[in-house]
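Could you slot chain B onto chain A? The hints should help.
As they're listed, the protein sequences go chains A and B. Heads up, the first sequence is in UniProt numbering, so the first residue is 1 and it goes up one at a time. Heads up, the second sequence is in UniProt numbering, so the first residue is 1 and it goes up one at a time.
Bear in mind the hints are in silico, worked out from the structure with no lab data behind them. Treat each hint with caution, since some may be false.
[As the list claims (entries may be wrong)] In silico BS3-like cross-links for lysine-lysine, where the CA-CA straight-line distance does not exceed 27 Å:
#	chain 1	residue 1	chain 2	residue 2
1	B	Lys434	B	Lys340
2	A	Lys531	B	Lys525
3	B	Lys424	B	Lys304
4	A	Lys118	A	Lys490
5	B	Lys120	B	Lys68
6	A	Lys434	A	Lys371
7	A	Lys434	A	Lys424
8	A	Lys525	B	Lys304
9	B	Lys362	A	Lys362
10	A	Lys531	A	Lys118
11	B	Lys525	A	Lys130
12	B	Lys350	A	Lys371
13	A	Lys304	A	Lys371
14	B	Lys541	A	Lys525
15	B	Lys75	B	Lys362
16	B	Lys371	A	Lys371
17	A	Lys68	A	Lys541
18	B	Lys424	B	Lys68
19	B	Lys118	B	Lys490
20	B	Lys120	B	Lys75
21	A	Lys531	B	Lys130
22	B	Lys130	B	Lys531
23	A	Lys541	B	Lys525
24	B	Lys118	B	Lys525
25	B	Lys434	B	Lys350
26	B	Lys120	B	Lys531
27	B	Lys362	B	Lys350
28	A	Lys424	A	Lys490
29	A	Lys424	A	Lys130
30	B	Lys371	A	Lys362
31	B	Lys68	A	Lys525
32	A	Lys350	A	Lys434
33	A	Lys525	B	Lys531
34	A	Lys341	A	Lys304
35	B	Lys362	B	Lys424
36	B	Lys304	B	Lys371
[Claimed, not checked] Chain A stretches covered by chain B per the calculated footprint, using a threshold of three residues with CB under 8 Å from any CB of chain B:
#	stretch
37	259 to 265
38	297 to 310
39	503 to 514
Ideal placement from N, C-alpha and C gives every residue a C-beta, glycine not left out.
Protein chains: 2
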Amino acid sequence: MTPARLIIRAIRRPGSIIHPFQRPVLLRLGGQRFNTTESHERPATTATATTSQKKQVRLTAESYPNIKRDSRFAKLTSEDVAHFSSICPVLSAESDDIEAFNTDWMRKYRGQTRLVLKPKSTADVSEILKYSNSRSLAVVPQGGNTGLVGGSVPIYDEIVISMNSMNNIRSFDPVSGILVCDAGVVLETADNYLADQGHIFPLDLGAKGSCHVGGNVATNAGGLRLLRYGSLHGTVLGVEAVLPDGTILDDLSTLRKNNTGYDLKQLFIGSEGTIGVITAVSIICPQRPSAQNVALFGVNTFEKVQETFIRAKRELGEILSAFELMDDTSQRCVAQVTGKKRPLDGEETKFYVLIETSGSNKEHDDEKLEKFLMALMEDETIADGVLAQDETQARNLWSWREGIPEVCGHWGGVYKYDVSIPLKELYSLVEDVKARFIEYGLLGEGEAVVDVVGYGHMGDSNLHLNVPVRSYDKRVEEVLEPFVYEWIQKRRGSISAEHGLGVAKREYVQYSRGETELSVMRSLKNHFDPKGIMNPYKYIKT
Amino acid sequence: MTPARLIIRAIRRPGSIIHPFQRPVLLRLGGQRFNTTESHERPATTATATTSQKKQVRLTAESYPNIKRDSRFAKLTSEDVAHFSSICPVLSAESDDIEAFNTDWMRKYRGQTRLVLKPKSTADVSEILKYSNSRSLAVVPQGGNTGLVGGSVPIYDEIVISMNSMNNIRSFDPVSGILVCDAGVVLETADNYLADQGHIFPLDLGAKGSCHVGGNVATNAGGLRLLRYGSLHGTVLGVEAVLPDGTILDDLSTLRKNNTGYDLKQLFIGSEGTIGVITAVSIICPQRPSAQNVALFGVNTFEKVQETFIRAKRELGEILSAFELMDDTSQRCVAQVTGKKRPLDGEETKFYVLIETSGSNKEHDDEKLEKFLMALMEDETIADGVLAQDETQARNLWSWREGIPEVCGHWGGVYKYDVSIPLKELYSLVEDVKARFIEYGLLGEGEAVVDVVGYGHMGDSNLHLNVPVRSYDKRVEEVLEPFVYEWIQKRRGSISAEHGLGVAKREYVQYSRGETELSVMRSLKNHFDPKGIMNPYKYIKT
Numbered sequence: 001m002t003p004a005r006l007i008i009r010a011i012r013r014p015g016s017i018i019h020p021f022q023r024p025v026l027l028r029l030g031g032q033r034f035n036t037t038e039s040h041e042r043p044a045t046t047a048t049a050t051t052s053q054k055k056q057v058r059l060t061a062e063s064y065p066n067i068k069r070d071s072r073f074a075k076l077t078s079e080d081v082a083h084f085s086s087i088c089p090v091l092s093a094e095s096d097d098i099e100a101f102n103t104d105w106m107r108k109y110r111g112q113t114r115l116v117l118k119p120k121s122t123a124d125v126s127e128i129l130k131y132s133n134s135r136s137l138a139v140v141p142q143g144g145n146t147g148l149v150g151g152s153v154p155i156y157d158e159i160v161i162s163m164n165s166m167n168n169i170r171s172f173d174p175v176s177g178i179l180v181c182d183a184g185v186v187l188e189t190a191d192n193y194l195a196d197q198g199h200i201f202p203l204d205l206g207a208k209g210s211c212h213v214g215g216n217v218a219t220n221a222g223g224l225r226l227l228r229y230g231s232l233h234g235t236v237l238g239v240e241a242v243l244p245d246g247t248i249l250d251d252l253s254t255l256r257k258n259n260t261g262y263d264l265k266q267l268f269i270g271s272e273g274t275i276g277v278i279t280a281v282s283i284i285c286p287q288r289p290s291a292q293n294v295a296l297f298g299v300n301t302f303e304k305v306q307e308t309f310i311r312a313k314r315e316l317g318e319i320l321s322a323f324e325l326m327d328d329t330s331q332r333c334v335a336q337v338t339g340k341k342r343p344l345d346g347e348e349t350k351f352y353v354l355i356e357t358s359g360s361n362k363e364h365d366d367e368k369l370e371k372f373l374m375a376l377m378e379d380e381t382i383a384d385g386v387l388a389q390d391e392t393q394a395r396n397l398w399s400w401r402e403g404i405p406e407v408c409g410h411w412g413g414v415y416k417y418d419v420s421i422p423l424k425e426l427y428s429l430v431e432d433v434k435a436r437f438i439e440y441g442l443l444g445e446g447e448a449v450v451d452v453v454g455y456g457h458m459g460d461s462n463l464h465l466n467v468p469v470r471s472y473d474k475r476v477e478e479v480l481e482p483f484v485y486e487w488i489q490k491r492r493g494s495i496s497a498e499h500g501l502g503v504a505k506r507e508y509v510q511y512s513r514g515e516t517e518l519s520v521m522r523s524l525k526n527h528f529d530p531k532g533i534m535n536p537y538k539y540i541k542t
Numbered sequence: 001m002t003p004a005r006l007i008i009r010a011i012r013r014p015g016s017i018i019h020p021f022q023r024p025v026l027l028r029l030g031g032q033r034f035n036t037t038e039s040h041e042r043p044a045t046t047a048t049a050t051t052s053q054k055k056q057v058r059l060t061a062e063s064y065p066n067i068k069r070d071s072r073f074a075k076l077t078s079e080d081v082a083h084f085s086s087i088c089p090v091l092s093a094e095s096d097d098i099e100a101f102n103t104d105w106m107r108k109y110r111g112q113t114r115l116v117l118k119p120k121s122t123a124d125v126s127e128i129l130k131y132s133n134s135r136s137l138a139v140v141p142q143g144g145n146t147g148l149v150g151g152s153v154p155i156y157d158e159i160v161i162s163m164n165s166m167n168n169i170r171s172f173d174p175v176s177g178i179l180v181c182d183a184g185v186v187l188e189t190a191d192n193y194l195a196d197q198g199h200i201f202p203l204d205l206g207a208k209g210s211c212h213v214g215g216n217v218a219t220n221a222g223g224l225r226l227l228r229y230g231s232l233h234g235t236v237l238g239v240e241a242v243l244p245d246g247t248i249l250d251d252l253s254t255l256r257k258n259n260t261g262y263d264l265k266q267l268f269i270g271s272e273g274t275i276g277v278i279t280a281v282s283i284i285c286p287q288r289p290s291a292q293n294v295a296l297f298g299v300n301t302f303e304k305v306q307e308t309f310i311r312a313k314r315e316l317g318e319i320l321s322a323f324e325l326m327d328d329t330s331q332r333c334v335a336q337v338t339g340k341k342r343p344l345d346g347e348e349t350k351f352y353v354l355i356e357t358s359g360s361n362k363e364h365d366d367e368k369l370e371k372f373l374m375a376l377m378e379d380e381t382i383a384d385g386v387l388a389q390d391e392t393q394a395r396n397l398w399s400w401r402e403g404i405p406e407v408c409g410h411w412g413g414v415y416k417y418d419v420s421i422p423l424k425e426l427y428s429l430v431e432d433v434k435a436r437f438i439e440y441g442l443l444g445e446g447e448a449v450v451d452v453v454g455y456g457h458m459g460d461s462n463l464h465l466n467v468p469v470r471s472y473d474k475r476v477e478e479v480l481e482p483f484v485y486e487w488i489q490k491r492r493g494s495i496s497a498e499h500g501l502g503v504a505k506r507e508y509v510q511y512s513r514g515e516t517e518l519s520v521m522r523s524l525k526n527h528f529d530p531k532g533i534m535n536p537y538k539y540i541k542t
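Next up, chain A with everything else stripped away, as it sits in the complex (with noise of 0.2 Å):
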């Protein structure tokens, strides 16, 4: 990198523009085959993909045959259709549109509801929810669909509660920055409606475009902004939400500060629509940055990687807003498959470090950000790096790192990991797995796993431990598991960092969760909702 190369242009950063709902690549994940991709990230188009979603989607119920229908459960009948339809409007077993509130968008899970009720206000919803809870029904709320464990579709016969038709956004102060929104509203929707006013949703993801803000808090989402504006936790205010029997709980403040009782809206986010149907969400939404800069360098060791994000911190503190890490093997294989030239002309580093700063100054933001790079080049903690001189520039740097989900798919099918370790480990699974694969001659030319690839929001200490295959064979599932997930269990990382739980991974949350968390958890639910209709068979078995 020469001097020259660090002139800085003003950019905008292209997430807005990349939409996750195209043609998925086909996945593993847990040793089960599927089609996803991260939820933030730009999906690929392979053709084994498109040759699967001709195929009519596999019924979750045999996917999952040890998921049985619960009994305790009434089947829906006529009066109940009629008593529905006198609350609000519904789409019937009857309906063409129905099979779109079954299946998720990923075409992997498939549910059996005969009814969709579309509530438009807090008090239908009240009014299911009593008349479900009264009759043993049990019911699926549903936001924009956009989840990548199949929580929000049915299993069986779970009535859906669709939250598309509660969309307004309640209020906004300019002065606050506090936004109060139904659970139905679009993000991107609530976004752009935040940029009109200076100011920025704390959260952003790729599916933004069809996910709901009650949605996103549901699942605790996590996202591309956790960086800088931290989780859900501390930027929502309030919920409202009604309880599985039809109780309205009006937590929908809009204080930064209310310390009478405990924090009931916190069980809510990340509840997966276990313990109630959130309605309407209240939450803190910072001053919109009006400068962004991108750069992308390359690092020779994992320890130099920790000493640039320390540095990083430290010296570009209150602008730094992403710290994505992505090793060789992931830059090599999107050059291999897009034949793009790579952006860095030195020679090939074992990582690579893409840096987004956000600030209130653009003029102080080069500045910082330029006498960031130049010490680091200086002192040779970063080999060679590159600053985006324009948009066009930034977004290809993204590329970069947005690309690797997509490429890992290439030759013909992908095993896929989105785990919390902590920092200091965290690409020491990588390598660990990588020498696993060696030692059992499964990896290299002609064997069935092409290589290892690993890349991640390094700042949120969450991988992507992606596992590109020829084809999907038993002795590559039985290298993988149970190993990666006792791995992760011995230092007490997650294996669900952003996703969840849903159906796909609440077999294996005891890898993440002690018993007595777990015993804990499942009293709580069963303390919610006792009749267990709220979302069955998911997030954690009970």
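Frame of chain A, contents of chain B only:
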């Protein structure tokens, strides 16, 4: 303000030199006379307070005759004491030192414990609770005993579990900034430890020299850094707690992202020892800012204060660390009582704002703040202003904010409320209360009420309403209550912004929480602590 005064020098916020544990001022809250001060503010040294300190502190059981000892609880036997002595060091009724654990630091609350336990480990706490629960012996967890609502001292013969001896820093990862420490670590000790590593504890308050990290979490302390670093609900990553039956709940995650079930730790944040004892905390600690600035300026209307706040957030954005509001009445009181020259030369304005910035680059921060203030002066949003040029000046500017609670007690007494109100109406409470006093002929020369003072953490929507009086008067109380509580209730404000409920506010919580919320809270309390042994008679009436 001339440009010449805009020269900025490196300064340090003087917060760390303020110690609240001196002689407190005689105050009233909720119509009751007591000694207190805000935990992060300089206390008063009035003759009244000195006199009151010499007296034996009245038993809380006498001050609150409606609180009766719960007959479900067993009485301590010599066998119990022997058993507890086999677990950990104890302080028995014979010890002169026991009174320090019975009485709060304000000398307002006094309990009647006959046993203090000093566990040295989580296992000790577990043994203690297991036995206490089986015997139905009530307990009170006690941290630094620096609370303002009587939450950490017993009322009757509850056994005190002092966390003083659990004071180890368990780990710190300089890469992620994540600290794990025992609950009994003193906040200042933790912050000093972090300072050596270039990090900062994301919470600051005047009691930092005595309060415990575990107590901070148990009471969801707000303090001085909330505007910048957010609440503990966002920064605390994990909690280790012992449940009332002795079960150890190990939710001591060191992960920023972990979406595997209900976020149990959140229930303990702000639970005031009513559902378990927090024994350790994991928290993410930002890089310590290297630069700080302080400015004070006068503003003519509350609309312009709000405008200033919006622009401060936009233009100072990422470096803004305090935005404190003081009305002119408060500043006149400080000037009158202290005899100090007011910091601004110009005409008096109705409001004054103190701004603090903290950032990673002094020059940039200076430039941002200077540009911001010049623009506000030019378009007359602010009327006058001054920028601290060194640490002494900064400390002087802070003293005009921090000196308010002390001087309010100058005339004989003060009625005091610490509340959250939606920002738009933050100051209206002061105006409405003042109007009522005028209407009732109670305000002015020779009348009971000296004036009505408003100030507080504007950035957090947290108002301190102070009514300095020449003498306590039933008529004054009748004007204030229930008016103030009803006024707050109408605006969905909070009757306790940051101090919690304890004994002091358990009677008033319904002004900030609906019956449904309270009912869910009660059911949760009963769920976790069916025998009710944890910190009884406080928080929420069961």
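Outcome of the hint check:
1. Distance restraint check for B:Lys434 and B:Lys340: the Cα-Cα separation of roughly 26 Å lies within the 27 Å cut-off, and the hinted pair is therefore satisfied.
2. With a C-alpha separation of about 21 Å, the suggested pair A:Lys531 and B:Lys525 falls inside the 27 Å cut-off, and the hint holds.
3. Pair hint B:Lys424 plus B:Lys304 holds up; C-alpha atoms about 11 Å apart against a cutoff of 27 Å.
4. The suggested pairing of A:Lys118 with A:Lys490 is violated, with an alpha-carbon distance near 45 Å, which exceeds 27 Å.
5. For a cut-off of 27 Å, the pair hint linking B:Lys120 to B:Lys68 is broken: about 32 Å separates their Cα positions.
6. Under the criterion of a C-alpha separation no larger than 27 Å, the hint pairing A:Lys434 with A:Lys371 is inconsistent with the structure, at around 37 Å.
7. Restraint check: the Cα-Cα separation between A:Lys434 and A:Lys424 comes to about 18 Å, which is no more than 27 Å; the hinted pair holds.
8. Note on A:Lys525 and B:Lys304: the hinted pairing is violated, with a Cα-Cα distance of about 48 Å set against a maximum of 27 Å.
9. With a C-alpha separation of about 16 Å, the suggested pair B:Lys362 and A:Lys362 falls inside the 27 Å cut-off, and the hint holds.
10. Between the alpha carbons of A:Lys531 and A:Lys118 the distance comes to roughly 23 Å, so the proposed pair stays at or under 27 Å and holds.
11. Taken as a hint, the B:Lys525 and A:Lys130 pair is honoured in the structure, with Cα atoms around 24 Å apart against an allowance of 27 Å.
12. Of the supplied pair hints, the one linking B:Lys350 and A:Lys371 is violated, its CA atoms being roughly 44 Å apart against a limit of 27 Å.
13. Of the pairs offered as hints, the one joining A:Lys304 and A:Lys371 holds, with about 18 Å between alpha carbons and a cut-off of 27 Å not exceeded.
14. Taken as a hint, the B:Lys541 and A:Lys525 pair is honoured in the structure, with Cα atoms around 24 Å apart against an allowance of 27 Å.
15. Only pairs whose Cα atoms come within 27 Å are accepted, and B:Lys75 paired with B:Lys362 is rejected, the gap being roughly 61 Å.
16. Proposed proximity of B:Lys371 and A:Lys371 is supported: the alpha carbons are some 23 Å apart, at most 27 Å.
17. Using a Cα cut-off of 27 Å, the hinted pair A:Lys68 and A:Lys541 holds, with the two alpha carbons roughly 12 Å apart.
18. Taking the CA atoms of B:Lys424 and B:Lys68, the gap is near 42 Å; set against the 27 Å cutoff, the hint is violated.
19. Under the criterion of a C-alpha separation no larger than 27 Å, the hint pairing B:Lys118 with B:Lys490 is inconsistent with the structure, at around 45 Å.
20. Distance hint between B:Lys120 and B:Lys75 is fulfilled; the C-alpha atoms sit about 25 Å from each other, no more than 27 Å.
21. For the suggested pair A:Lys531 and B:Lys130, the alpha carbons sit about 31 Å apart, so the restraint of at most 27 Å is broken.
22. Restraint check: the Cα-Cα separation between B:Lys130 and B:Lys531 comes to about 12 Å, which is no more than 27 Å; the hinted pair holds.
23. As the CA atoms of A:Lys541 and B:Lys525 are separated by approximately 24 Å, the hinted pair is consistent with the 27 Å bound.
24. Annotation: proposed proximity of B:Lys118 to B:Lys525 holds, straight-line Cα distance about 25 Å (limit 27 Å).
25. The straight-line distance between the Cα atoms of B:Lys434 and B:Lys350 is roughly 14 Å, inside the 27 Å bound, and the hint therefore holds.
26. Between B:Lys120 and B:Lys531 the CA atoms are separated by roughly 25 Å; this keeps the pair inside 27 Å, and the hint holds.
27. Note on B:Lys362 and B:Lys350: the hinted pairing is violated, with a Cα-Cα distance of about 31 Å set against a maximum of 27 Å.
28. For the proposed pair A:Lys424 and A:Lys490, the alpha carbon gap of about 14 Å is at most 27 Å, so the pair holds.
29. Of the supplied pair hints, the one linking A:Lys424 and A:Lys130 is violated, its CA atoms being roughly 49 Å apart against a limit of 27 Å.
30. A C-alpha spacing of about 14 Å is found between B:Lys371 and A:Lys362, which places the hinted pair at or below 27 Å, so the restraint holds.
31. Straight-line distance between C-alpha atoms of B:Lys68 and A:Lys525 comes to about 34 Å, which puts the hinted pair past the 27 Å bound.
32. A C-alpha spacing of about 14 Å is found between A:Lys350 and A:Lys434, which places the hinted pair at or below 27 Å, so the restraint holds.
33. Restraint check for A:Lys525 and B:Lys531: the C-alpha separation of about 21 Å stays at or below 27 Å, so the hint holds.
34. The straight-line distance between the Cα atoms of A:Lys341 and A:Lys304 is roughly 25 Å, inside the 27 Å bound, and the hint therefore holds.
35. This hinted pair does not check out: B:Lys362 and B:Lys424 have alpha carbons roughly 33 Å apart, beyond 27 Å.
36. Among the hinted pairs, B:Lys304 with B:Lys371 is consistent with the structure: their alpha-carbon atoms are about 18 Å apart, no more than 27 Å.
37. Figure legend: the stretch 259 to 265 of chain A, annotated as covered by chain B; annotation consistent (6 residues with Cβ-Cβ distances under 8 Å, at least 3 required).
38. Coverage of the stretch 297 to 310 of chain A by chain B holds in this model, with 3 residues showing a Cβ closer than 8 Å to a Cβ of that chain against a need of three.
39. With a threshold of 8 Å between beta carbons, the proposed coverage of the stretch 503 to 514 of chain A by chain B holds, since 5 of its residues qualify and at least three are required.
Checked against the numbered hints given earlier, the structure breaks hints 4, 5, 6, 8, 12, 15, 18, 19, 21, 27, 29, 31 and 35 and satisfies all the rest.
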